[in-house]
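**Q** Residues per chain are reported as follows:
There are 2 protein chains.
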Amino acid sequence: MMPVELRELHVFLVLAEELHFGRTAARLTLTPSRVSQVTRTLERRMGGRLFERTSRTVALTPLGEHLLAELRPVYERLEAVLAGTAARAAAVGPLRIGVTMTSEGPALSRLVRAFQDRHPGCEVSLHEVDVWDPYRALRRHEVDVLVNWLAVEEDDLRAGPPISHHQRVLAVARDHALAGRASIALEDLGDQIVAHPPEPFPAALADAIFPPRTPSGRPIRRVPVSRSISEIIAQVALGRIVHPTGTGMTAFARDDIALIPIIDLQPLSLGLIWLRAREDTTIQALTELARTQQPLLIPWPGHEQGARGSSRGTDG
Amino acid sequence: MMPVELRELHVFLVLAEELHFGRTAARLTLTPSRVSQVTRTLERRMGGRLFERTSRTVALTPLGEHLLAELRPVYERLEAVLAGTAARAAAVGPLRIGVTMTSEGPALSRLVRAFQDRHPGCEVSLHEVDVWDPYRALRRHEVDVLVNWLAVEEDDLRAGPPISHHQRVLAVARDHALAGRASIALEDLGDQIVAHPPEPFPAALADAIFPPRTPSGRPIRRVPVSRSISEIIAQVALGRIVHPTGTGMTAFARDDIALIPIIDLQPLSLGLIWLRAREDTTIQALTELARTQQPLLIPWPGHEQGARGSSRGTDG
DNA sequence: TTTCGTTACGTTAGTCGTAAAGATT
DNA sequence: AATCTTTACGACTAACGTAACGAAA
Chain S
103 MMPVELRELH
113 VFLVLAEELH
123 FGRTAARLTL
133 TPSRVSQVTR
143 TLERRMGGRL
153 FERTSRTVAL
163 TPLGEHLLAE
173 LRPVYERLEA
183 VLAGTAARAA
193 AVGPLRIGVT
203 MTSEGPALSR
213 LVRAFQDRHP
223 GCEVSLHEVD
233 VWDPYRALRR
243 HEVDVLVNWL
253 AVEEDDLRAG
263 PPISHHQRVL
273 AVARDHALAG
283 RASIALEDLG
293 DQIVAHPPEP
303 FPAALADAIF
313 PPRTPSGRPI
323 RRVPVSRSIS
333 EIIAQVALGR
343 IVHPTGTGMT
353 AFARDDIALI
363 PIIDLQPLSL
373 GLIWLRARED
383 TTIQALTELA
393 RTQQPLLIPW
403 PGHEQGARGS
413 SRGTDG
Chain Y
103 MMPVELRELH
113 VFLVLAEELH
123 FGRTAARLTL
133 TPSRVSQVTR
143 TLERRMGGRL
153 FERTSRTVAL
163 TPLGEHLLAE
173 LRPVYERLEA
183 VLAGTAARAA
193 AVGPLRIGVT
203 MTSEGPALSR
213 LVRAFQDRHP
223 GCEVSLHEVD
233 VWDPYRALRR
243 HEVDVLVNWL
253 AVEEDDLRAG
263 PPISHHQRVL
273 AVARDHALAG
283 RASIALEDLG
293 DQIVAHPPEP
303 FPAALADAIF
313 PPRTPSGRPI
323 RRVPVSRSIS
333 EIIAQVALGR
343 IVHPTGTGMT
353 AFARDDIALI
363 PIIDLQPLSL
373 GLIWLRARED
383 TTIQALTELA
393 RTQQPLLIPW
403 PGHEQGARGS
413 SRGTDG
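These protein sequence lines are chains S and Y, in that order.
All residue numbers for the first sequence refer to my numbering, where the first residue is 103 and numbers rise by one.
All residue numbers for the second sequence refer to my numbering, where the first residue is 103 and numbers rise by one.
All clues given are correct.
Residues from chain Y shown here face chain S by an in silico Cβ test under 8 Å; the list is partial:
1) L108
2) R109
3) G150
4) L165
5) L169
6) E172
7) L180
8) V183
9) T187
10) E381
11) D382
12) T383
Output of the computed footprint for chain S on chain Y, the stretches with three or more beta carbons under 8 Å from beta carbons of chain S:
13) 154 to 164
14) 190 to 198
Honestly, the hints are just simulated from the structure, not real lab data.
A quick note: this is a predicted structure, and the numbers were derived from the prediction, not measured.
Ideal Cβ placement from N, Cα and C applies to all residues, glycine included.
The whole structure should be built from the sequences, with the hints applied where relevant.
**A** What follows is the structure in structure tokens.
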């Protein structure tokens, strides 16, 4: 036989309370007729009468009394569980966003502002994370979501929608040999020295930022760096290394550093990254919102036409 | 929005266990398609994703984990409540039948035998109750159902189907003035003395058994009796009182007592009486069974044609 | 290519209201 | 007569299966 449904139990509970078909129907926005039908159905499912009724009185049978006593607490608990789950689904809790010196920028600002607009009660905080081990903060639950380059190959992580696309530039000292060039190709890095991030910098990230070799196969020399982006900037300014990065990096916007477009490297994208297992409704709300926003396109200097998100359909 | 139904929760729980749409569908005798639809519906009702699924993997989201943890115990409890109620509805427990010296007879024997046939595991016991206060045993829950004359006007009691119809006879001493009569009328009781049952004998019952006056209005004299039917029988045999009763009363089938038909008194019916508030499934089973049986007709001596239940449609 | 989840679409079956009937005061 | 529950009947819609589609290994 078809199983009992919550609808019928609800009718039973209200009828057991009202002991009147008309009032029960009114409370449930049903007709008395329907209340009668449902009650009879439930009684047939249970295999016995639950109400003793005449056209003048409605009373619970002992079986009905038993069911009422047993069912009511369980039903109320069930309702609470469902309501609680729905509330949790709708709720948007405090959100901790991990950023690095290079991932914080106008795209993130725009996203955070839009998120705050939609969830005024939600507290959003930014936390700087270790550039060389950006995922650790995620895995230690110190941040809920990370903004970083979308070059992720970790099984426990999920790399979400991009928030900005960045053309590739090479940061060099103003007096560097390449500083006068209008643009360079990846092949030009064959003679240069780049930074070698310390362990445990993710390999996929390293490969995306620092191509291991030139198109012709020449290796690109790497020298270790110890601390942070700041150290790289200093080394670049000193002319000891060059640093391939993306457009729009304000940390490199210095008088003593020149940024030269690298024409044959694919753009990099900044985007949201989070722990697959902790994808709660807050993160979903954020990523959904990010998905609706057009990623900012950060072009090379002198190509500003797409820089303020007015371009469309230029994905990839 | 339409409320959540148990069907959907069941699908959720099985899918959360199997983490596979095909197996879930098989266990629920549904199609994978349907499982998908129901899951999606539940997710929309809850307002958030419950499963993270690709064509290769199915996993619970944090929201799904939460719902699973909260819902499973409640759902299992609910199932137990429903199953318990159904079991209770189907169950037929021990049955204690209250009888008096005059209410026990072939009709009850037939009913008990039929009941035992249908419910072999059910223990049926007979208990003699006070003739002068027959309902006390019911109200004290010493018996579940009473067999007595169906002349009940108590609000807490319910008088059910008759099991036998009895013509009226007057028990008199063999040497009594009326003993030679083939039949008498109620009017003849005007000169006689009948028993006066002690308190708290129910008034409706007293009126049914001992008419207060003759058709012409003459009162019928009553003298108190103290103990039981046995005392009445003794007093009748001594010729001190006469006693109106029903046909088929073996207690009065004695050589020193004559039973004379009273032609103008309505027949009395023996039947089942029980507490309205304790009408459980056992009582329902008994009364339902009694309703299906044709009441025995106990005629005056010499009118045996209807005595063994072969008569039909002679109700009333 | 196979497996698996999803979508589209048509059928079945349950849900529900209207109206009339039956019962009780 | 008025109130209340039940039954009969028909409209609507949710439940469900079939089949085709799309993604992943």
